[in-house]
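Enquirer: Here is what each chain is made of, one letter per residue.
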Amino acid sequence: MGKTLFDKIWNSHIVKSIPDGPSVLYVDKHFIHEVTSPQAFSGLEKRGLKVFRPKQVVATADHNVPTHDQHLPIKDELSRIQVKQLVDNCANHDIELYGLGHPYQGIVHVIGPELGITQPGMTIVCGDSHTSTHGAFGSIAFGIGTSEVEMVLGTQCLLQNKPKQMRINIEGRLQKGVVSKDIILYIISKLSSSGATGHFIEFAGEAIRALSMEARMTICNMSIEMGAKGGLIAPDKKTFDYIRNRRFAPVGNDWDEKLEKWKKLFTDKDPVFDCEVNINASDIEPMITYGTNPGLGIAINNAIPELDSIDDEGEQQNFMKALGYMNFRPGKSLIGTPIHHVFIGSCTNSRIEDLRLVASVIKGKKKSEHVSVMVVPGSQQVARQVYAEGLDKIFIAAGFEIRQPGCSACLGMNEDKIPEGEYCVSTSNRNFEGRQGRGARTLLASPLTAAAAAITGVITDVRELMEADDCR
Amino acid sequence: MDIIRSTYYPLPIENVDTDQIIPARFLKATTRDGFGENLFRDWRYKSGDSNKPISDFVLNLPQYKGEILVAGKNFGCGSSREHAAWSLLDFGFKVIVSSFFADIFKSNALNNGLLPVQVSDSFLKKIFALDSTALLTVTLETQTIVIEESGETETFEINNYKKTCLLNGYDDMDYLLSQIKQIEAFEALQKLVPIN
Ligand code: SF4
Chain A
1 MGKTLFDKIW NSHIVKSIPD GPSVLYVDKH FIHEVTSPQA FSGLEKRGLK VFRPKQVVAT
61 ADHNVPTHDQ HLPIKDELSR IQVKQLVDNC ANHDIELYGL GHPYQGIVHV IGPELGITQP
121 GMTIVCGDSH TSTHGAFGSI AFGIGTSEVE MVLGTQCLLQ NKPKQMRINI EGRLQKGVVS
181 KDIILYIISK LSSSGATGHF IEFAGEAIRA LSMEARMTIC NMSIEMGAKG GLIAPDKKTF
241 DYIRNRRFAP VGNDWDEKLE KWKKLFTDKD PVFDCEVNIN ASDIEPMITY GTNPGLGIAI
301 NNAIPELDSI DDEGEQQNFM KALGYMNFRP GKSLIGTPIH HVFIGSCTNS RIEDLRLVAS
361 VIKGKKKSEH VSVMVVPGSQ QVARQVYAEG LDKIFIAAGF EIRQPGCSAC LGMNEDKIPE
421 GEYCVSTSNR NFEGRQGRGA RTLLASPLTA AAAAITGVIT DVRELMEADD CR
Chain B
1 MDIIRSTYYP LPIENVDTDQ IIPARFLKAT TRDGFGENLF RDWRYKSGDS NKPISDFVLN
61 LPQYKGEILV AGKNFGCGSS REHAAWSLLD FGFKVIVSSF FADIFKSNAL NNGLLPVQVS
121 DSFLKKIFAL DSTALLTVTL ETQTIVIEES GETETFEINN YKKTCLLNGY DDMDYLLSQI
181 KQIEAFEALQ KLVPIN
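Chains as they are written, first to last, in our numbering: chain A, 1 to 472; chain B, 1 to 196.
Simulated from the structure, these hints should not be mistaken for lab results.
One thing to keep in mind: the hints can contain errors.
Now the stretches of chain B that chain A is said to cover, found in silico as 3 or more residues with beta-carbon under 8 angstroms [claimed, not checked]:
#1 18-26
#2 33-39
#3 92-103
Here are the computed distance ranges between Cβ atoms for each label pair [to be verified]:
#4 B:A185 <-> A:A210: 25 to 33 angstroms
#5 B:E187 <-> A:G252: 18 to 26 angstroms
#6 A:A303 <-> B:E187: 54 to 62 angstroms
Don't be surprised by glycine CBs; every beta carbon is placed ideally from N, CA and C.
With the rest of the complex left out, here is chain A (with noise of 0.2 angstroms):
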């Protein structure tokens, strides 16, 4: 019986197993930021205890941080005393923080993998549940609570139990205009937000093959959006020159020697999967969700379901109570439906290729007078990157607003907030009521799918703008 990749991550970093109980299981690294780190350092201090590997955390700022004026105090008094004491937390135990006004300041999950710090083989944890991001490079990365991030700063381990593993194997290639994003959205409006709890998941197959690492960190991205405990894909070549020459890549024989090692990191022939799901590529269409979690999502030429399509009553009073909070209507298409505001951005869809992708929609148009669009790049570095590339200009010219790194309209903590009531097409991973601001209403989609609606202003199949663009 062959080892999947999963079991050869997990087996080599198992301290010990406790008999009819979890393991402890060793974190290669730490990830921290302000929103769910201070109560762990306190409970430390609290237990008279000092970080115990300081080297192996990595802080940034970026959940509760304002997108402009950045070199500033931050103006609301409790977001600027949780960050002052991330800040001092990591002074006082030694943590190398890329806080406000640092070159390396990022969402958490873009600045892991550009800065090199993501390697294969790795166990990654973070207070925060898309560190499944960090999956795309075949490493077990998983999201945690504050006690198990004390935990984690305390002894560099956890109390775990192995999950249960799934592989979702995607042959055949994409269609135009189809991203990782709709591949994403696609699985889980299959198997619901809540179908792939317990599970570690595997992708797999010739179009996850295909995949940048950037379009791969999407699909890891939004696993626990399906309820996973996390997601990853086996390194390749891919891998290996995406992480080559990054800050904290291995160099010399030190690289050489990892890449002997990661080279091994794959699932053998004969692996038992408690769970497999085939699915193909070239079923998928642009996606949009109609609902309030990601699971409720449609191709976008498709109408949102009938109710009596629905067969489990508890799933219907879901439906139903999600399309009043939507103001839709069972067995309408949204295509037309306008619009109010676009937000490119997030962990899920904010790295340099995203902006690519929105600039290719975009260039030499205008937005629609009616939507107001924030492009808001995942990190410093990225930032950099697109007043290098002149994906600035095209987004001026456009009439979209740039902002500074952080996680933003994403979450609605800071002050980028969708007003009540307004729809808000994003790039973002999750749509649950209220997620961008109480009363609003978002509709995930791929930054493709976003762009084409800042320019229409209303609900859009971004293949019609691309063939109208292909015939000029």
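Based on the hints, put chain B with the ligand in the right spot on chain A.
Expert: Just chain B with the ligand, lined up with the frame of chain A:
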């Protein structure tokens, strides 16, 4: 924690996510206290953060009280914010009953002594059908939940290790700290080289 005997608050909604339990704008505190005030904020109070209660939301209905919250399936999905568990505890809940829990929420709850009790869909339906005076008894030792009125009982699963922790009031951190020597030995064996 061993036996909780209490009336309960019914919340027959599925996929209650952590953004509903405690919206992000209330996560700015740096201590664990006081989150109960904003538990289910946007379902509980009118907009504008004006503290005007929405009268038909269950936490605002005078007939309901108790230390148990009973909710629809997939409770606690979404973000990893432990503030969700803290806000439920701070409000006074000791037990959450549902037919399905999201993973991170479940471990956050257990790490804070808030007991997630997973029951079958049919048992959940039975509980929702009771009136506001009905009593539930949850016993950790025997892993049972009983509807007092009818005596109907279901057992629930909990990891043996976690159960021992909860019954004895110790936590994962205590255990991990007792293993530091082993952890160091593991590091030495792996020749772990910090990468930054
Ligand atoms: S961008 Fe959104 S989902 Fe990602 S870490 Fe920030 S708040 Fe969480």
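Enquirer: Compare the structure with each hint and give your call.
Expert: For each hint, the structure was consulted:
no.: 1; hint: 18-26; in the structure: holds (count 5)
no.: 2; hint: 33-39; in the structure: violated (count 0)
no.: 3; hint: 92-103; in the structure: holds (count 3)
no.: 4; hint: B:A185 <-> A:A210: 25 to 33 angstroms; in the structure: violated (43 angstroms)
no.: 5; hint: B:E187 <-> A:G252: 18 to 26 angstroms; in the structure: holds (23 angstroms)
no.: 6; hint: A:A303 <-> B:E187: 54 to 62 angstroms; in the structure: holds (56 angstroms)
Of the numbered hints given earlier, the model fails hints 2 and 4; all others are met.
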